[in-house]
Amino acid sequence: MSKRIVVADDEAHILHVVSMKLTNAGYDVQTAEDGEEALEHCQADPPDMLITDYQMPYMSGVELCKALRQSESTKDIPAMMLTARGFDVEPAEMIEAGISAVLAKPFSPREVLGKVVELVGEAQEATVGA
Amino acid sequence: MTTAKRLGLTTIALVLMGASAAYYATTMAMKGHGVLSSSLNYLVLALIAALTILMLLVFWRSMHRAMAEVSRQIGDMARTGEVGMVMVRGNNELNEVTVPLNKLLTNTQEELDTLRSEKRELQIQSRIASAEKHHTEAIIFSISDAVIVTNRFDELVLANEAAEELLGFKLNTSLRKNIDRIFSDGSLVRLIRETRNHSRSSRRKIVEHSIDKNGDSKTFTVTLSCVTASNDEVSGVVAVLHDITREKEIARTKTDFVSNVSHELKTPLASIKAYIEMLIDGEAEDEQTKRDFYEIISGETDRLHRLIENILNISRIESGVVKVVREPVSLTSVVKRVLNVAAPQAKLKDLELEERLAPVFYQVEADQDMIYQAAMNLVSNAIKYTPNGGKIIVEVSVDEKRGVAVCSVADSGAGIPEADLPHIFEKFYRVNANKKLAKGTGLGLTLVKHIVESVHNGELSVTSEEGQGSTFSFELPVLS
Numbered sequence: 001m002s003k004r005i006v007v008a009d010d011e012a013h014i015l016h017v018v019s020m021k022l023t024n025a026g027y028d029v030q031t032a033e034d035g036e037e038a039l040e041h042c043q044a045d046p047p048d049m050l051i052t053d054y055q056m057p058y059m060s061g062v063e064l065c066k067a068l069r070q071s072e073s074t075k076d077i078p079a080m081m082l083t084a085r086g087f088d089v090e091p092a093e094m095i096e097a098g099i100s101a102v103l104a105k106p107f108s109p110r111e112v113l114g115k116v117v118e119l120v121g122e123a124q125e126a127t128v129g130a
Numbered sequence: 001m002t003t004a005k006r007l008g009l010t011t012i013a014l015v016l017m018g019a020s021a022a023y024y025a026t027t028m029a030m031k032g033h034g035v036l037s038s039s040l041n042y043l044v045l046a047l048i049a050a051l052t053i054l055m056l057l058v059f060w061r062s063m064h065r066a067m068a069e070v071s072r073q074i075g076d077m078a079r080t081g082e083v084g085m086v087m088v089r090g091n092n093e094l095n096e097v098t099v100p101l102n103k104l105l106t107n108t109q110e111e112l113d114t115l116r117s118e119k120r121e122l123q124i125q126s127r128i129a130s131a132e133k134h135h136t137e138a139i140i141f142s143i144s145d146a147v148i149v150t151n152r153f154d155e156l157v158l159a160n161e162a163a164e165e166l167l168g169f170k171l172n173t174s175l176r177k178n179i180d181r182i183f184s185d186g187s188l189v190r191l192i193r194e195t196r197n198h199s200r201s202s203r204r205k206i207v208e209h210s211i212d213k214n215g216d217s218k219t220f221t222v223t224l225s226c227v228t229a230s231n232d233e234v235s236g237v238v239a240v241l242h243d244i245t246r247e248k249e250i251a252r253t254k255t256d257f258v259s260n261v262s263h264e265l266k267t268p269l270a271s272i273k274a275y276i277e278m279l280i281d282g283e284a285e286d287e288q289t290k291r292d293f294y295e296i297i298s299g300e301t302d303r304l305h306r307l308i309e310n311i312l313n314i315s316r317i318e319s320g321v322v323k324v325v326r327e328p329v330s331l332t333s334v335v336k337r338v339l340n341v342a343a344p345q346a347k348l349k350d351l352e353l354e355e356r357l358a359p360v361f362y363q364v365e366a367d368q369d370m371i372y373q374a375a376m377n378l379v380s381n382a383i384k385y386t387p388n389g390g391k392i393i394v395e396v397s398v399d400e401k402r403g404v405a406v407c408s409v410a411d412s413g414a415g416i417p418e419a420d421l422p423h424i425f426e427k428f429y430r431v432n433a434n435k436k437l438a439k440g441t442g443l444g445l446t447l448v449k450h451i452v453e454s455v456h457n458g459e460l461s462v463t464s465e466e467g468q469g470s471t472f473s474f475e476l477p478v479l480s
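Going down the list, the sequences are from chains W and V.
First residue of the first sequence? That's 1 in the numbering used here, and the numbers climb one at a time after it.
First residue of the second sequence? That's 1 in the numbering used here, and the numbers climb one at a time after it.
Looking at chain W on its own, in the form it has when it is part of the complex:
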């Protein structure tokens, strides 16, 4: 079974392009248009990884990641953040929210895929311990 990734972004085009890149690479992608929706997806069925935007309505990417760390079933989900607010992101906050990688917008979909492989392995690889 291929690995599942939740992608959250309020920009439809970004959501589309990232999920397409990952789907083409063989990942199972679930999209969310805001932080709350992404949290619901993660809580309903914890994915192998989360890719999230920083600035989203209702719940920011950082708030979403912090919320994940609160629950046993979601606390270990690796997270990557895509942000157009490069200077506003505090490294300490990133660590606190358990965010493993930050990519600045405009980003390269190739690079996103590279980071995903680095963090959770190839799409079809067996998850360690699973």
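Where hints are given, some of them may not hold.
What the hints assert, rightly or not - Computed list of lysine-lysine pairs in DSSO-like fashion (alpha-carbon distance at most 27 Å, straight line):
#: 1; chain 1: V; residue 1: K218; chain 2: V; residue 2: K254
#: 2; chain 1: V; residue 1: K266; chain 2: V; residue 2: K290
#: 3; chain 1: V; residue 1: K290; chain 2: W; residue 2: K115
#: 4; chain 1: W; residue 1: K66; chain 2: V; residue 2: K266
#: 5; chain 1: V; residue 1: K273; chain 2: W; residue 2: K115
#: 6; chain 1: W; residue 1: K66; chain 2: V; residue 2: K435
#: 7; chain 1: V; residue 1: K266; chain 2: W; residue 2: K115
#: 8; chain 1: V; residue 1: K266; chain 2: V; residue 2: K439
#: 9; chain 1: V; residue 1: K436; chain 2: W; residue 2: K66
#: 10; chain 1: V; residue 1: K349; chain 2: V; residue 2: K391
#: 11; chain 1: V; residue 1: K391; chain 2: V; residue 2: K439
#: 12; chain 1: V; residue 1: K254; chain 2: V; residue 2: K435
Simulated from the structure, these hints should not be mistaken for laboratory data.
Knowing the structure of chain W, use the given hints to seat chain V on it.
Structure of chain V alone, referenced to chain W:
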């Protein structure tokens, strides 16, 4: 030898002579000489003695009178404070006293005159100094910055109204108090003390200082200068507190604006870059997908362009460099042009676009292009946020009583939550609940507000009910 002494000696000699003559006569009489001759001698001697005593009495009396006169005159001088000459009539004997006394009195009179004129001079100078002090204080009091002056004992000697109001105290110049007993702000007291103590290293320093007043934090630049006396010793400190809260806010707004602008610019740029890379990497397998990608790239490029145009327009209006061409314009004609352009978009969403336009002859004085842009933004917002099949009413009416033309755009769309209403004209503000309905820069309404209110002195207003729709209207004065 003085007259008095001489007089004294003469008197003593006369008394002794008289006494010895009387003694001699008495002795002779007792030894038994002739009665006649002895009683004659006795009589003569007694006469001489009586005459001598009489003369002495007369002399003492005249001396006493002269002395009393001198005493009275000096007493008068002492009482009135008027120094004059001592005059004793017909008594040359006292001249030796009165001449040097009068010389002394003349000198005293001269000195007194000098002192009096010096006193007058000093009084004038003191009045001038007092007026100058008053003037200087008036200058200090008129300064809008808070000014505090302390002496070398850190006692408050002067403070203007701004300082009293800011730091919450009342200056009492007659009762000098140490500043730590007046100011509750310990760090300000410390700053003043440090300035006085470290005057050797620097005579003036400028520091940023925050003061909490009624729950608001205000930021000040405090300029602290040492006041030095003529011997180069520090005689006090002058502290001037200048409120820079507003400047700080502006700087923060600018930073936020730049941060928002870069975020908004990067978002479409991110899509453009990502889709181009996808095309390069051959991720779009079929022709249709490729065409979709090209469409997206084109659309995002337009978005980027619109964004830049809006930012520039707002910045131009804000900085006042925009060229405004004011001319008589028919609001109805402008809105008609807008509706012609917007109609196809409305048709795509199957929206009913109702026009209620006042006669064309009513004119307002406005920049035609700007008003077109404002009306266009309102109409296209209505189209964007109204679901398919909805209704939009665009109205231009004239309120002759108030002398204004009103353009209003009412939709049956999503409406704006009450909490968002006060913010919708802020730059980059977007209503979270409606974000998914349409793309936007968050600058459209800001621009409309700027065009209507800043450029045309008009008024823009909004009423909205969630789920029912919104009505935006602006009014401009009609040309009579």
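Quick rundown of the hints versus the structure:
Simply put, K218/V and K254/V have alpha-carbon atoms about 19 Å apart, close enough for the 27 Å limit, and the pair holds. Pair hint K266/V plus K290/V holds up; C-alpha atoms about 23 Å apart against a cutoff of 27 Å. At most 27 Å may separate the alpha-carbon atoms for a hinted pair to count; K290/V and K115/W meet this at roughly 25 Å. Between the alpha carbons of K66/W and K266/V the distance comes to roughly 25 Å, so the proposed pair stays at or under 27 Å and holds.
With a C-alpha separation of about 18 Å, the suggested pair K273/V and K115/W falls inside the 27 Å cut-off, and the hint holds. Of the pairs offered as hints, the one joining K66/W and K435/V holds, with about 24 Å between alpha carbons and a cut-off of 27 Å not exceeded. With a C-alpha separation of about 21 Å, the suggested pairing of K266/V with K115/W holds against the 27 Å cut-off. Between K266/V and K439/V the CA atoms are separated by roughly 15 Å; this keeps the pair inside 27 Å, and the hint holds.
Note on K436/V and K66/W: the hinted pairing holds, with a Cα-Cα distance of about 25 Å set against a maximum of 27 Å. Under the criterion of a C-alpha separation no larger than 27 Å, the hint pairing K349/V with K391/V is consistent with the structure, at around 10 Å. For the suggested pair K391/V and K439/V, the alpha carbons sit about 20 Å apart, so the restraint of at most 27 Å is met. Only pairs whose Cα atoms come within 27 Å are accepted, and K254/V paired with K435/V is accepted, the gap being roughly 25 Å.
This entry satisfies every hint, going by the numbered hints stated previously.
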